[in-house]
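So the sequences go chain by chain: A and B.
Letter 41 of the first sequence, counting from 1, is numbered 41 in the working numbering, and no numbers are missing.
Letter 152 of the second sequence, counting from 1, is numbered 152 in the working numbering, and no numbers are missing.
Note that these hints are calculated values from the structure, not bench results.
Honestly, I wouldn't trust all of these hints.
[Said to hold, decoys possible] Taking CB as the label site, the calculated pair distances span:
(1) I524/B x A10/A: 30 to 38 Å
(2) W214/B x V17/A: 47 to 55 Å
(3) G9/B x P35/A: 45 to 53 Å
(4) G543/B x V17/A: 53 to 61 Å
(5) P35/A x R374/B: 48 to 56 Å
(6) A334/B x V17/A: 28 to 36 Å
(7) G9/B x A10/A: 39 to 47 Å
(8) G312/B x V59/A: 33 to 41 Å
Yeah, the Cβ is synthetic: ideal placement off N, Cα and C, and Gly gets one too.
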Amino acid sequence: MVALFENRLAYLSVSLVLLVAGFPLVSIGTTAGSPMVWGAGLLALVCGGLIPPLQRVWVGRPLDIENDESQSEEVQSDIEVSQEQKEPKK
Amino acid sequence: MEGTSIPIGWLYWLLAASPIIVLAVLLVKLRWTAQQAGTMGMFVAAAVAVLVFQTPLDTLSVAGAKGVWDSAPILFVIWAALLLYHIMDKSGGYEALRQGIVSFSPNEVFIVVALGWIFTSFLQGIDGFGTPIVVVAPLLVAIGMKPVYAVAIPIIAHIWAKFYGTLGVGWLATLQVVDLDPATIVATAYQSSLLLAIQVFLGGFWVVWMYGRWAAVRHAWPLIMILSAIQAIGQVIVSLFEPVLAAFIPAAIALAALYPLSRWRRYAEPFEIELRPAMAERRMEEIKDRKAPMSVTISAMPYFMLTVLALGTSLIDPIANALRSFSLGMPFPAVSTGYDIINEAVSRYSPMAPLMNPGASLLVTAFITWIIFRRRGYFDAWQTTNGQAKRPHLVGNMVASAVPASVPIIAFLVMARIMDHSGQNEALAYGLAAVAPAYLFAFLSNGIGIIGAFTTSSSTSSNTLFSGLQVTLAELKGLPVETVLAAQSAGGAIGNAIGPANLVLGASTAGISGREGEILSKTIPWTLVAFVLTGVATIIMVGIGM
Chain A
1 MVALFENRLA YLSVSLVLLV AGFPLVSIGT TAGSPMVWGA GLLALVCGGL
51 IPPLQRVWVG RPLDIENDES QSEEVQSDIE VSQEQKEPKK
Chain B
1 MEGTSIPIGW LYWLLAASPI IVLAVLLVKL RWTAQQAGTM GMFVAAAVAV
51 LVFQTPLDTL SVAGAKGVWD SAPILFVIWA ALLLYHIMDK SGGYEALRQG
101 IVSFSPNEVF IVVALGWIFT SFLQGIDGFG TPIVVVAPLL VAIGMKPVYA
151 VAIPIIAHIW AKFYGTLGVG WLATLQVVDL DPATIVATAY QSSLLLAIQV
201 FLGGFWVVWM YGRWAAVRHA WPLIMILSAI QAIGQVIVSL FEPVLAAFIP
251 AAIALAALYP LSRWRRYAEP FEIELRPAMA ERRMEEIKDR KAPMSVTISA
301 MPYFMLTVLA LGTSLIDPIA NALRSFSLGM PFPAVSTGYD IINEAVSRYS
351 PMAPLMNPGA SLLVTAFITW IIFRRRGYFD AWQTTNGQAK RPHLVGNMVA
401 SAVPASVPII AFLVMARIMD HSGQNEALAY GLAAVAPAYL FAFLSNGIGI
451 IGAFTTSSST SSNTLFSGLQ VTLAELKGLP VETVLAAQSA GGAIGNAIGP
501 ANLVLGASTA GISGREGEIL SKTIPWTLVA FVLTGVATII MVGIGM
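Chain B extracted, bound-state conformation (with noise of 0.2 Å):
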């Protein structure tokens, strides 16, 4: 095929899939952890890269060590986030602020949209690198949800926000490898919050469906419907002006409007239903109250922290400019394979600025909330309380919780950096492109996407691996680049929501590390019937010359 010299047919489609198909089987299928399924996908890439995609083994090599140098910024933030959720954990915190949240609405539909949906959004405005599950998956299990629902529903709720969230960082990353004119540049920010607001308004009925099913959504549609107005139209206006803030202010209005939505007659009085596949046996409010050794101001304190943290050093110029000047990076020499993918040499691969990194701020968060918390003696009370002698030793903690999350995150990414240098992704894109005329392939581009953020685990990741390639793709076949590139940001954010990644980052917070297939059978329909309505009105868009 024009393009490219990897041989375009099935059998090697087949073979450059089968790392995910094999990754995918062995998670849902076979319930193997995520750390041995990591690893087999990443050898199956492997092999499929020397004996198929010819490709060396320095090449292989610089590949694998790559994607472990991929993986730093996310260990960095979940071993910080791990540092927090003990501290919070071993201190009562959870208890407190689990407290603070019921005694904010009666309601939990609400509670859980508000925590759930809102705030999830929120910090993903700001933070990235799975933050936004990290934080909020354990805030769900202290409210009564069960763990997989408490990981599956943060991972869902966020994903609109993916695309200009990080302060618009898949936007930046986007722009970064495709050329585009000024005018272009507009239309593919307009089109891509158009296609992004179907994730908002699926996103917030998914949630509330996954908590109580219908019962639920017919109690719930209008704030639904208000909150997601807030988020999707919020979010085309502000990237028509700038795109780096288009999540994140839409996201903190929508967060302001949960006071006084929570006044509404209907959010402010407890609702009843009876199927909340979600939760745990017993109602929010019925949970037994400990007696919890802070205010809830204090156990808010650390995400307020966080919040503040977040912003200052990603919206003050000079302080943002101070962290970025300190970065950390390792060099490689140029590697190819038989069928010519080149991949240059770089003095530092992807340097990382680890003070800018969400990481740090959760680290300086996490240390200065211990100091506080252990100068009030909240560790010892919360120690009485629970009848035990023994100090919580929250290093150790940490790390025992933290190694587990680790190994698959390294693997998944040494996969996908594998898949890329060998040509696996350039096989996988340019084989839809090959099989399908040119409606089809617009309905197609944003499962390239989504197939980008599986194997990353990430948005601005599958942007940079494949927009490039969308762009080519979609002048051999007639459609327009914007709208093309708008589906590949769409879809690379969808592919988050069963990346595997995210969904260890989920599961080792929410204490049911190795339980990850569990998590993506809650995933995997959502992320089904976003493809299909994005596809769709991808086809609607190119249609009407939009």
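If we strip away everything but chain A, and leave its shape as in the complex, we get (with noise of 0.2 Å):
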């Protein structure tokens, strides 16, 4: 799990499948009056919501917005440099 936190692509990826499936589930659910299903789509809202705060609780801030703003302070007077650490050369 902490190993899923520490991956921001990938418990963000978790998080947006879990919300975008949670909206069929519910629309289905509702309107044939099943709660079972628009439950399970509640849990999915709920699930899918709850990951990016148990993140900041868990394990901090996402480490790469940090490397991002430390390195914007030094490198955004070049341009230049900024492109090359984006695209690092090999």
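Put the complex together from the two separate chains, hints included.
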């Protein structure tokens, strides 16, 4: 679980999938009068929504953002350098 | 209070406002990322809805699901815009474009005005859903602007065109939710454009002030006045005849006016100032040119194509009707709360016509651009210039930047829909009306529009949510309906400057995802000034009996 929370793209992808999955489940469930189905949709929304704040509590501010901020202070004065950091030379 | 069964008092008002307060504090003060702050705001709204506003779980579920669907048109734009962004970035397109922009005028403040204010406004005239922000932010970064400013500037700059922009979608939405006689419709259109004029002038001056403080303003004021006059007076005039084109026509004229203005000696020569807080240390013309693999014309081609596609799909009726015929949407049953806030059943909630969405134009543009650039070998040439061995993975890059942008946008809109379905929005609006005498309410009425736009990041949604309510409150207070509606329209536009989804959109294409709070801290002051000036203007309009 902690490994998931350390990969920003991975945990946000899971969050996104869960949030999107909630939409059809709730629509179908509430229209058909099936509490099981819309309950699953609500659960998906809750779980999808819980992931980003849980990440904050367990792991802290995402590392890549911290890095972006510290780098930006140093390199914003030089567009070239900034470009090279985005696409490091092999 | 008359008109609602929700108890209106300080406690309810504060609780209804708590999702917005929590969101703002987490973003700005505690510097949480938009993903974390947005989802927390969503849970606060849900908790208040269930525990205070007597919202059953099925109503909460429906509101949450509708919020997810509300985000679909915006997500389509951002995914397609990010694909175009990576195609341009990885092919050297931005470098070619930057060199072209620099050669157009050596005057940096002129370029910032042209690109950050006028081009952004022009795009808002035809496209919406944040397209101007996602397109212009990377262009500003390319000319050497700091990313936080590169997002804040287009956000502030395009606000004036929100209401009549996207070919009048905000105006049309307002007319759908209120029942007005023809004379009131004309008066509302006229007064709205008068209040929006504040945003034109304030936007122009603010953009230049952000770029280079007062020294830049002293240099650029004739330019700002001319362009503001074209946009503001143009919008007032066109709104009287064809409100649907009231933003597009003056924005297009202002864009055309840039060429003669660039020949004016004042703006045809470099302008040297020491303090340029928005820019990196180097001057625009001093950034070392790298060999761009394409000409300026080719690099600008995607933006011409985007403009042509957006205009063609919007203004040519047979094409627009054909594209509109395909739409998507899902049903929802009627839901209610313990305070009798009822949302009727719908067979298809908020049908989305994907082919009419600006995302479709962006996607087609991106695809054609990719084919042309690939066949001409621009990706390989740019790799060689940068000494890279590996080919860029465009789709992978798009996903990596679009996913972090999508989560908070969904969260913000789920929060907004929960606040709407539980009656929290209603409590906020009625709360303001309950404590404010008529003239104070006139002052605050644009604030209701701002709240709507802040929670939904959409001028149209704000007007859809609150226009009917504003009419009711205006009648209760004995105020002219057209003036209060105009204030709502102006507020609905202003609130976009702090709309979290707009911040996320810009941050994602400027490469600073997660730093939305910093952008917000740049746009909040403009929002407060615009709110106060609009409030004062509303009181004057009521006072002189317009």
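ask   = Within 30 to 38 Å or not, the Cβ separation of I524/B and A10/A?
value = Taking Cβ atoms as reference, I524/B and A10/A lie about 33 Å apart, which means the hint holds.
48 to 56 Å as the expected CB spacing between R374/B and P35/A, which holds or is violated = Since the Cβ atoms of P35/A and R374/B sit about 51 Å apart, the hinted range of 48 to 56 Å holds.
task = Confirm or reject the claim that G543/B and V17/A have a C-beta distance inside 53 to 61 Å.
result = holds (55 Å)
inquiry  = Verify the CB-CB distance for G312/B and V59/A against the hinted window 33 to 41 Å.
reply    = violated (48 Å)
ask   = When you take the CB atoms of G9/B and A10/A, is the distance between them in 39 to 47 Å?
value = Holds, at about 45 Å.
task = Confirm or reject the claim that W214/B and V17/A have a C-beta distance inside 47 to 55 Å.
result = holds (50 Å)
task = Could you check the hint for me, namely that G9/B and P35/A are 45 to 53 Å apart, CB to CB?
result = With Cβ atoms ~34 Å apart, the hint is violated.
task = Check the following: the C-beta atoms of A334/B and V17/A are separated by a distance inside 28 to 36 Å.
result = holds (29 Å)
The structure does not agree with the numbered hints 3 and 8 stated previously, though it agrees with the rest.
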